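Visitor: So the chains spell out like this:
Number of protein chains: 2
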Amino acid sequence: MPTIKDVAKEAGVAVETVSRVLNNRGYISEKTRKKVQDAMKALDYTPNPVAQGLSKKNMDSIAIVVPHIVHPYFAKVISQLEKEATKRNYKVILYNSSGDEKRESRIIQICQNSFISGVVLFSSDISKETLDTFHIPIVLIERNPCGNTFSILCDNEQGGQLAAEHLIEQGCRHMVAIGTLNVDNMPGDSRESIFQSVCAHNGCSCAVYRSTPAEYTSMEYHATIEAALDENPDCDAIFCTSDLIAAQVIQVCNKRGKRIPEDIKLVGFDDVKLSRLTSPTITTIRQPIREIVAQAIDTIIAANAHQEVKQSVIFPVSLVKRESTSKGSKRDSKLSKK
Amino acid sequence: MPTIKDVAKEAGVAVETVSRVLNNRGYISEKTRKKVQDAMKALDYTPNPVAQGLSKKNMDSIAIVVPHIVHPYFAKVISQLEKEATKRNYKVILYNSSGDEKRESRIIQICQNSFISGVVLFSSDISKETLDTFHIPIVLIERNPCGNTFSILCDNEQGGQLAAEHLIEQGCRHMVAIGTLNVDNMPGDSRESIFQSVCAHNGCSCAVYRSTPAEYTSMEYHATIEAALDENPDCDAIFCTSDLIAAQVIQVCNKRGKRIPEDIKLVGFDDVKLSRLTSPTITTIRQPIREIVAQAIDTIIAANAHQEVKQSVIFPVSLVKRESTSKGSKRDSKLSKK
Numbered sequence: 001m002p003t004i005k006d007v008a009k010e011a012g013v014a015v016e017t018v019s020r021v022l023n024n025r026g027y028i029s030e031k032t033r034k035k036v037q038d039a040m041k042a043l044d045y046t047p048n049p050v051a052q053g054l055s056k057k058n059m060d061s062i063a064i065v066v067p068h069i070v071h072p073y074f075a076k077v078i079s080q081l082e083k084e085a086t087k088r089n090y091k092v093i094l095y096n097s098s099g100d101e102k103r104e105s106r107i108i109q110i111c112q113n114s115f116i117s118g119v120v121l122f123s124s125d126i127s128k129e130t131l132d133t134f135h136i137p138i139v140l141i142e143r144n145p146c147g148n149t150f151s152i153l154c155d156n157e158q159g160g161q162l163a164a165e166h167l168i169e170q171g172c173r174h175m176v177a178i179g180t181l182n183v184d185n186m187p188g189d190s191r192e193s194i195f196q197s198v199c200a201h202n203g204c205s206c207a208v209y210r211s212t213p214a215e216y217t218s219m220e221y222h223a224t225i226e227a228a229l230d231e232n233p234d235c236d237a238i239f240c241t242s243d244l245i246a247a248q249v250i251q252v253c254n255k256r257g258k259r260i261p262e263d264i265k266l267v268g269f270d271d272v273k274l275s276r277l278t279s280p281t282i283t284t285i286r287q288p289i290r291e292i293v294a295q296a297i298d299t300i301i302a303a304n305a306h307q308e309v310k311q312s313v314i315f316p317v318s319l320v321k322r323e324s325t326s327k328g329s330k331r332d333s334k335l336s337k338k
Numbered sequence: 001m002p003t004i005k006d007v008a009k010e011a012g013v014a015v016e017t018v019s020r021v022l023n024n025r026g027y028i029s030e031k032t033r034k035k036v037q038d039a040m041k042a043l044d045y046t047p048n049p050v051a052q053g054l055s056k057k058n059m060d061s062i063a064i065v066v067p068h069i070v071h072p073y074f075a076k077v078i079s080q081l082e083k084e085a086t087k088r089n090y091k092v093i094l095y096n097s098s099g100d101e102k103r104e105s106r107i108i109q110i111c112q113n114s115f116i117s118g119v120v121l122f123s124s125d126i127s128k129e130t131l132d133t134f135h136i137p138i139v140l141i142e143r144n145p146c147g148n149t150f151s152i153l154c155d156n157e158q159g160g161q162l163a164a165e166h167l168i169e170q171g172c173r174h175m176v177a178i179g180t181l182n183v184d185n186m187p188g189d190s191r192e193s194i195f196q197s198v199c200a201h202n203g204c205s206c207a208v209y210r211s212t213p214a215e216y217t218s219m220e221y222h223a224t225i226e227a228a229l230d231e232n233p234d235c236d237a238i239f240c241t242s243d244l245i246a247a248q249v250i251q252v253c254n255k256r257g258k259r260i261p262e263d264i265k266l267v268g269f270d271d272v273k274l275s276r277l278t279s280p281t282i283t284t285i286r287q288p289i290r291e292i293v294a295q296a297i298d299t300i301i302a303a304n305a306h307q308e309v310k311q312s313v314i315f316p317v318s319l320v321k322r323e324s325t326s327k328g329s330k331r332d333s334k335l336s337k338k
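The listed protein sequences correspond, in order, to chains H and B. Take the first sequence: its position 137, counting from 1, is numbered 137 in my numbering, and each next residue is one higher. Take the second sequence: its position 44, counting from 1, is numbered 44 in my numbering, and each next residue is one higher.
It is worth saying that the hints were derived from the structure and are not from the lab. One or more hints might be untrue.
[Said to hold, decoys possible] Derived DEER-like restraints, expressed as beta-carbon distance ranges:
1) Ser218(H) x Pro145(B): 33 to 43 Å
2) Asp100(B) x Ser197(H): 44 to 54 Å
3) Ile110(B) x Asn202(H): 47 to 57 Å
4) Thr3(H) x Gly26(B): 15 to 25 Å
5) Pro2(H) x Met1(B): 24 to 34 Å
6) Lys310(B) x Glu291(H): 37 to 47 Å
7) Ala14(B) x Asp100(H): 38 to 48 Å
8) Glu231(B) x Ser218(H): 34 to 44 Å
9) Gly26(B) x Met1(H): 18 to 28 Å
10) Lys9(H) x Met1(B): 29 to 39 Å
11) Glu16(B) x Ser312(H): 48 to 58 Å
12) Thr212(H) x Asn144(B): 37 to 47 Å
[Claimed, not checked] With a straight-line cut-off of 27 Å between C-alpha atoms, the simulated DSSO-like cross-links for lysine-lysine are:
13) Lys310(B) x Lys57(B)
14) Lys56(B) x Lys5(H)
15) Lys102(H) x Lys87(B)
16) Lys321(H) x Lys255(B)
17) Lys56(H) x Lys57(B)
18) Lys57(B) x Lys57(H)
19) Lys5(B) x Lys9(H)
20) Lys258(H) x Lys327(B)
21) Lys56(B) x Lys83(B)
22) Lys128(H) x Lys57(H)
23) Lys41(B) x Lys57(H)
24) Lys327(B) x Lys255(H)
25) Lys41(B) x Lys57(B)
26) Lys41(B) x Lys56(B)
27) Lys56(B) x Lys9(H)
28) Lys41(B) x Lys31(B)
Keep in mind that this is a model prediction, so the values were computed, not measured. Beta carbons are placed, not taken as given, at the ideal position from N, Cα and C, and that holds for glycine.
In isolation and in its complexed conformation, chain H is listed as follows (with noise of 0.2 Å):
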């Protein structure tokens, strides 16, 4: 393969000169620019994509961080995120931290040292501290703004309300709620919250139970779904922060002889695949996870291009109808369908 020194001599100019070139930049008169340009044709020469990255300092790649990568609305967010990268010839690295805030700092050295474009982190528990010793665009998924970085979330509070009043529409009256232990205040923490707050506005009760850091690493949550039905046997209504969660709460109900939804109506959170994969399909919250991953990239593009950016982005939910809120017979709730 040919070298960019071959490309010099064949043009007769120095290395500097066609490094201008290839990198646009500084002064370089149009017949040298043709000289060189010549010289590349003649010899077959494609600059190297490594060499041009270092020269620029900037590889034209988005590491994307989180904590589990099996966990499906993190798959989701990784697939989609690699769909909006590709449409904007960023290529994407993947690191999965296990949540490990020394590991995720660690990580992001590796980014900036590398010359990685920007990093797409999800930490529940990395300082502000930690944050403010990089100089790389960070961009925070469903986490609050922090220090020197960018905030994308969806709005939690708006889904917690709409998951209560569609349950409350459906008739049901004492609602359970489970949700993720997080070790700091998350915005995630206000779906329960709200949904609780809101089911207390209308005359329901709403037992709030949180999954255990074990749970959420495993992604089991039998026993803290267990200990939630054992204590509220007339519950009619189960909102889960995620449909993973409503996943497993259809399985240890089967095993209780409740049935979904006639028994119990159940919503979940994130409107992941696999919420179209149960028996009976679940009700959700629906993130728009495209437009958040879109979002993400193009505030590190922008940031690297030393454009205005908003410090803090967040974007409107939806509830996604299914079989598990349905008031008919499973037969009916096959027309309502999605």
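Position chain B against the provided structure of chain H, taking the given hints into account.
Guide: Showing chain B alone in chain H's frame:
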């Protein structure tokens, strides 16, 4: 940030000498090596990973190219590959080809130009001629050896046999097998064909159905499942070549009032998380995905080190019994749940 030039100046040596120390290349006297190392320390110089990658023509990165990301099999493959690559200090670059041969070829070309260490490729129809144009190590998974590439498979025949033997043992006699339609002959096709021949050998009927390419793309298999059930009203067992199809068999059976496992016993393939999230949980053929991707990465590393590598490796599979083939009532099956 100090550069390699600054280090050379500080040490009083040529830039090329610093580069040789950094890359452990060529002869360097201990005295010179120490001078360079002292200069690096004095300037707090850390070598840039991109410059190093460019110099050694290897970015210590593995590319994975899949036709789907949210499909639970690929989500698990990607997750395990990230884990095994990280253990070996390799980065993972993720590409979704949507199964498009032209795009696959373009991605491999980009990887080769960018000094990516190797490509793990899931492709059903990229041609030998196209593969032969590349010199980057390519590992094909679930595809027969082809040209200059490496091939890693699970033992698909053993999988079909284990599924058939298990269902026969449970007393089933009228089987249906539902697989994926492939353009070319693929190793995975032997899952259904061996299943069918083991059934025939044991005096059981077996009708084989293949989903359409559109179903594979949308991951919605209801139409093929409905047809299989319509045409085989006395069917008492269904074998699906993925857990994703099996989850949808549960949905269709539910709609028709057919109980699993009481009326129809069900076996999937892959052993992804989904098989433990359905109601009932799905008996399945477990692919050793961690071992498969670890072998893929080690193959790439060995090929780059010019070590001898097996061109083709087949990993054994195993049967994981869950509720969908349990003999007793649902309550009993709780005990045998994995």
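Visitor: State for each hint whether it applies.
Guide: The hints, checked one at a time:
no.: 1; hint: Ser218(H) x Pro145(B): 33 to 43 Å; verdict: 38 Å, holds
no.: 2; hint: Asp100(B) x Ser197(H): 44 to 54 Å; verdict: 49 Å, holds
no.: 3; hint: Ile110(B) x Asn202(H): 47 to 57 Å; verdict: 56 Å, holds
no.: 4; hint: Thr3(H) x Gly26(B): 15 to 25 Å; verdict: 19 Å, holds
no.: 5; hint: Pro2(H) x Met1(B): 24 to 34 Å; verdict: 30 Å, holds
no.: 6; hint: Lys310(B) x Glu291(H): 37 to 47 Å; verdict: 46 Å, holds
no.: 7; hint: Ala14(B) x Asp100(H): 38 to 48 Å; verdict: 42 Å, holds
no.: 8; hint: Glu231(B) x Ser218(H): 34 to 44 Å; verdict: 41 Å, holds
no.: 9; hint: Gly26(B) x Met1(H): 18 to 28 Å; verdict: 22 Å, holds
no.: 10; hint: Lys9(H) x Met1(B): 29 to 39 Å; verdict: 31 Å, holds
no.: 11; hint: Glu16(B) x Ser312(H): 48 to 58 Å; verdict: 49 Å, holds
no.: 12; hint: Thr212(H) x Asn144(B): 37 to 47 Å; verdict: 46 Å, holds
no.: 13; hint: Lys310(B) x Lys57(B); verdict: 24 Å, holds
no.: 14; hint: Lys56(B) x Lys5(H); verdict: 18 Å, holds
no.: 15; hint: Lys102(H) x Lys87(B); verdict: 16 Å, holds
no.: 16; hint: Lys321(H) x Lys255(B); verdict: 18 Å, holds
no.: 17; hint: Lys56(H) x Lys57(B); verdict: 19 Å, holds
no.: 18; hint: Lys57(B) x Lys57(H); verdict: 18 Å, holds
no.: 19; hint: Lys5(B) x Lys9(H); verdict: 24 Å, holds
no.: 20; hint: Lys258(H) x Lys327(B); verdict: 22 Å, holds
no.: 21; hint: Lys56(B) x Lys83(B); verdict: 24 Å, holds
no.: 22; hint: Lys128(H) x Lys57(H); verdict: 26 Å, holds
no.: 23; hint: Lys41(B) x Lys57(H); verdict: 23 Å, holds
no.: 24; hint: Lys327(B) x Lys255(H); verdict: 16 Å, holds
no.: 25; hint: Lys41(B) x Lys57(B); verdict: 26 Å, holds
no.: 26; hint: Lys41(B) x Lys56(B); verdict: 23 Å, holds
no.: 27; hint: Lys56(B) x Lys9(H); verdict: 24 Å, holds
no.: 28; hint: Lys41(B) x Lys31(B); verdict: 15 Å, holds
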